[in-house]
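Engineer: Letter by letter, the chains look like this.
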Amino acid sequence: MSPKRRSKPVRRQVPAAASVFAALGDQTRLSLVGKLCRGRPSSISQLAEGSRLTRQAITKHLRVLERAGIVHSLRSGRENLFEFDPKPIESIKDYLNLVSAQWDQALTRLKSFVED
Amino acid sequence: MPDDRIEKRIELKAPVSRVWRALTDYREFGLWFRVRLDGAFVPGQVSTGWITYPGYEHMKWEAVVQKMEPERLFSFTWHPYAVDPKMDYSKEPPTLVEFRLEATKAGTLLTVTESGFDKVPAGRRPEALRMNERGWTEQLRSIESHVAQTS
Numbered sequence: 001m002s003p004k005r006r007s008k009p010v011r012r013q014v015p016a017a018a019s020v021f022a023a024l025g026d027q028t029r030l031s032l033v034g035k036l037c038r039g040r041p042s043s044i045s046q047l048a049e050g051s052r053l054t055r056q057a058i059t060k061h062l063r064v065l066e067r068a069g070i071v072h073s074l075r076s077g078r079e080n081l082f083e084f085d086p087k088p089i090e091s092i093k094d095y096l097n098l099v100s101a102q103w104d105q106a107l108t109r110l111k112s113f114v115e116d
Numbered sequence: 001m002p003d004d005r006i007e008k009r010i011e012l013k014a015p016v017s018r019v020w021r022a023l024t025d026y027r028e029f030g031l032w033f034r035v036r037l038d039g040a041f042v043p044g045q046v047s048t049g050w051i052t053y054p055g056y057e058h059m060k061w062e063a064v065v066q067k068m069e070p071e072r073l074f075s076f077t078w079h080p081y082a083v084d085p086k087m088d089y090s091k092e093p094p095t096l097v098e099f100r101l102e103a104t105k106a107g108t109l110l111t112v113t114e115s116g117f118d119k120v121p122a123g124r125r126p127e128a129l130r131m132n133e134r135g136w137t138e139q140l141r142s143i144e145s146h147v148a149q150t151s
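Taken in order, these protein sequences are the chains called U and W.
Position one of the first sequence corresponds to residue 1 (the numbering used here), numbered consecutively onward.
Position one of the second sequence corresponds to residue 1 (the numbering used here), numbered consecutively onward.
Think of the hints as simulated: they come from the structure by calculation, not from any bench.
Careful, some of the hints might be misleading.
[Unchecked claim] Derived DSSO-like pairs (lysine-lysine); straight-line CA-CA distance at most 27 Å:
{"hint": "1", "chain 1": "U", "residue 1": "87", "chain 2": "U", "residue 2": "111"}
{"hint": "2", "chain 1": "U", "residue 1": "111", "chain 2": "W", "residue 2": "60"}
{"hint": "3", "chain 1": "W", "residue 1": "8", "chain 2": "U", "residue 2": "93"}
Please build the complete structure, drawing on both the sequences and the hints.
Structural biologist: Okay, structure coming up:
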């Protein structure tokens with residue numbers, strides 16, 4: 001295995017990757033992300049519209065998403081708005097592409113090792 | 001194809017027994033994987049050693065051997081990103097690496113999977129996302145489809 005995956009950028013991304021996947025591993029949170037990724041920052045009341053969830057439950061799930069960096073809160077007057085940030089999900093993609101490339105290299109070495 | 005699971009298939013012009021040895025003999029494994037292992041692979045036991053890739057010799061290798069089904073399946077779990085000595089990775093979920101071997105006319109079909117980058121509960125199919133037309137949700141969809149496949 002090439003040790004490139006151990007380089008700094010990857011090191012920073014990976015603990016985040018685990019928390020991003022964990023944050024997305026919940027149907028309620030996925031549906032909140034689904035609403036937020038339509039582009040406009042939303043308040044908790046807006047997110048609660050048409051939902052059976054309480055504001056408290058939504059707040060709890062938003063905090064999990066916020067810790068994973070998928071959602072950011074911003075202040076608008078007296079209201080807290082939440083907006084979607086695609087970067088954590090994109091960094092997972094980059095990380096997995098890197099690990100994938102390194103498997104390709106390792107298997108190429110294995111191939112020449114067993115075929116020689 | 002962003003996904004949280006990596007799968008590789010490679011056709012090797014060598015008999016299954018040869019490939020099995022290259023995978024499970026710790027010295028042979030170390031030669032192509034570039035790691036110097038302290039001892040043999042034993043299911044249920046921790047495998048330790050040092051990376052031998054030039055310039056990275058100070059890095060530890062540590063994995064837990066899971067299954068060794070002769071000439072069929074070899075697997076271990078590890079923390080591929082456990083590189084910062086100050087960090088405690090023991091609470092991070094490890095990834096699972098599996099090598100599956102199948103005999104073919106030409107030799108061996110080897111399938112390698114690395115999974116567990118996520119701990120996404122199985123079988124989630126959120127309507128909200130499927131109905132969303134925004135392009136980026138393709139990425140989430142691939143996570144979902146992975147989850148559906150592996151559930």
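Engineer: Please name the hints from earlier in the document that this structure breaks, with their numbers sorted from lowest to highest.
Structural biologist: Number 1 - this is the single hint that the structure violates.
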